[in-house]
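Participant: Residues per chain are reported as follows:
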Amino acid sequence: MNPSPPHFLPDGTVYGTLLNFKHELALWAARAAEPPYKAPPQAPVLFIKTANTFSPQGAAIPVPARVAEVDVGASVGLVIGNFEEIEPHPSVDGAEYAIKIESTARLPGVVGCVLLNDLSIPHDSYYRPPVKFKCLDGFLGLGPRCVPLAELGDVNALKLEVRINGALRQTVDFAGLVRDASALLADVNAFMTLRPGDVLMLGSDCGPDGNRPRARVGDRIEISAPGFEPLVNTLAGEPA
Amino acid sequence: MKHARIAWAGAIHDAIEADGQLELLTPAFKGRRLSFDEVVWLPPLAPTPPHRPRTILALGLNYADHAKELAFKAPEEPLVFAKGEASLTGHRAFTVRPAGVAYMHYECELAVVIGKTARNVKKADAYGVIAGYTVANDYAIRDYLENWYRPNLRVKNRDTCTPIGPWLVDAADIADPMNLALQTTVNGKVTQSGHTRDMIFNVPFLIEYFSSFMTLYPGDLLLTGTPDGVVDCQPGDVIVTEIEGLGALVNTIAAQASATKP
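Protein chains in written order, with our numbering: chain A, 1 to 240; chain B, 1 to 262.
Hints in this document: simulated from the structure, not taken from any laboratory.
Nothing here was measured: the structure is a model prediction, and the numbers come from that model.
Be careful, since some hints might not be right.
Straight line, CA to CA, 20 Å or less: simulated SDA-like cross-link-like pairs of lysine to any residue [unchecked claim]: (1) A/Lys132 to B/Phe201; (2) A/Lys38 to B/Ser212; (3) B/Lys73 to A/Pro36; (4) A/Lys132 to B/Pro75; (5) A/Lys132 to B/Ala74; (6) A/Lys38 to B/Leu145; (7) A/Lys132 to B/Arg150; (8) B/Lys73 to A/Tyr37; (9) B/Lys122 to A/Asp187; (10) B/Lys73 to B/Asp198; (11) A/Lys22 to B/Asn147; (12) A/Lys132 to B/Phe213; (13) A/Lys132 to B/Asn120; (14) B/Lys122 to A/Asp137; (15) A/Lys38 to B/Asp143; (16) A/Lys132 to B/Ser212; (17) B/Lys189 to B/Asp232; (18) A/Lys132 to B/Tyr144; (19) A/Lys132 to B/Glu208; (20) A/Lys132 to B/Asp198; (21) A/Lys132 to B/Glu77; (22) A/Lys132 to B/Thr117; (23) A/Lys38 to B/Tyr144; (24) A/Lys132 to B/Arg119; (25) A/Lys132 to B/Lys122; (26) A/Lys132 to B/Tyr217; (27) B/Lys116 to A/Arg66; (28) B/Lys122 to A/Arg66; (29) A/Lys132 to B/Met178; (30) A/Lys22 to A/Lys132; (31) B/Lys123 to B/Tyr209; (32) B/Lys122 to A/Pro239; (33) A/Lys132 to B/Lys123; (34) A/Lys132 to B/Asn202; (35) A/Lys132 to B/Glu76.
Residues of chain A clear of chain B, computed beta-carbon distances all greater than 10 Å [unchecked claim]: (36) Ala68; (37) Gly176; (38) Pro208.
Glycine residues also receive a C-beta, built at the ideal position from the N, C-alpha and C atoms.
The shape of chain A in the complex, shown without the other chains (with noise of 0.2 Å):
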């Protein structure tokens, strides 16, 4: 027997999407159009998230000396299960349980919703895959729980706030994303199976600028939306 951990891991591969939100994708329009890209995307850009980069809530994580600044990706992340629904907290009322119900029908595999800080070295280029900007070993901050789809309701209507040292630095409206959670969920399991275990991130949003909220070392950062305990990272000097 394994005892389960403090708190969320996941037990497969962490797929994480680019430019699943409209605002993002349009001001990239331009650029789309040039070399190298040479055309807006078609299928979901995804990547991975190595298990090396998984932080668990709380833990403090360590930024290369090298790097000024991370771009800090808040997200949410489906978690396939293989297993039946997992019950709602008792909190949960029956009449808008069923309602959440309903609306957790379209996810289907999906028993839950994580909170996700995926951080990344800031890069212009979206022409190779990310590896060496994005699977630092801690560069994927997880909240505490898998929060039961029964308890959220519509993943698309949830709205993310990002803090850091405690100032509101960017609210993420899910209502915005190019694939919501079913088109997107569909898209990636036409060629590729999600198996329990594994976790797809939704997308992550960029400023008015076209940037992430950035962060430093020392910086506390805390990621928070209704339903869900916050994902409260730190980040630290690399240990010599």
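We have chain A already, so just place chain B on it with the hints.
Facilitator: Relative to the frame of chain A, chain B by itself:
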């Protein structure tokens, strides 16, 4: 020693190669020998621990001739993408060619299996963190190429499209992994032949490079790229990717519609 992981008689077993047969390590059948034909071959990799999905890093354009073949100049630093474990399948498996695509090709690659947790490993120490080697066939479906995080996952991370095996060969048994001939045949005809000495970024370099920013764990995989000579594969084609000293990985292309039928 050559290690395999197989399904036989209702269960999964670890086995080793012995006199041209598989010798089971499972306590109940310990010492029993089976022919290669009476088992189902799985990827020769032990499962990873809970909460630590296997990291699979794959190199693009890591042989100068293949980079030229694809009309790219050789990269100045490794071009790497990550893959999910769900894309792996074993020796003698079927790989599905999607309906309606024009160009699906194999890629014969030396696969490095990490044996020890590796962080900030120098080139000179790199061989010390390697458990062994196997053969991977990292299929690509070029119809789906897009220029966003290229090569994109729809090209490179498909179910059944990464056969690996047959054996995990202990690192100690391979005197110099940078001195191995690679070859691919399609229906018995040689279509790709190359040599690991022609890698742009060799195995010690790659381990130093990756471990400089990410921890590699036991069981993680590095697929080190493919040389010149990729061709389209059609349903029914038998693709054999072979590396000197490691073995021959056999794979058959299946049409999408018939994949679930006998």
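Participant: Within a Cα-Cα threshold of 20 Å, do B/Lys189 and B/Asp232 meet the stated pairing?
Facilitator: holds, 13 Å
Participant: Is the Cα-Cα distance between A/Lys132 and B/Asp198 20 Å or less?
Facilitator: Violated, at about 24 Å.
Participant: Does B/Leu145 sit within 20 Å of A/Lys38, going by the straight-line distance between their CA atoms?
Facilitator: holds, 12 Å
Participant: At 10 Å, judged by beta carbons, does A/Pro208 keep clear of chain B as stated?
Facilitator: holds, 22 Å
Participant: For A/Lys132 and B/Phe213, compute the direct alpha-carbon distance and say whether it is at most 20 Å.
Facilitator: holds, 7 Å
Participant: Just to be careful, I want the Cα atoms of A/Lys132 and B/Ala74 compared with a cutoff of 20 Å; is the pair within it?
Facilitator: This hinted pair holds, its Cα atoms lying about 18 Å apart.
Participant: CA of A/Lys132 to CA of B/Thr117, is that 20 Å or under?
Facilitator: holds, 19 Å
Participant: Does B/Glu208 lie within 20 Å of A/Lys132 when you go C-alpha to C-alpha?
Facilitator: Holds. A/Lys132 to B/Glu208 sits at ~13 Å (cutoff 20 Å).
Participant: With the threshold set at 20 Å, check whether the alpha-carbon distance from B/Lys123 to B/Tyr209 stays at or below it.
Facilitator: holds, 9 Å
Participant: So if I understand the rule, the pair passes when the alpha-carbon distance is 20 Å or less; does A/Lys132 with B/Glu76 pass?
Facilitator: Answer holds: A/Lys132 to B/Glu76 is near 14 Å, not above 20 Å.
Participant: Holds or violated: A/Lys132 and B/Met178, Cα atoms, limit 20 Å.
Facilitator: Since the Cα atoms of A/Lys132 and B/Met178 sit roughly 24 Å apart, the hinted pair is violated (cutoff 20 Å).
Participant: If you draw a straight line from the CA of B/Lys122 to the CA of A/Pro239, is it 20 Å or shorter?
Facilitator: holds, 18 Å
Violation of the numbered hints given earlier is confined to hints 2, 9, 18, 20, 27, 29, 30; the remaining hints are satisfied by the structure.
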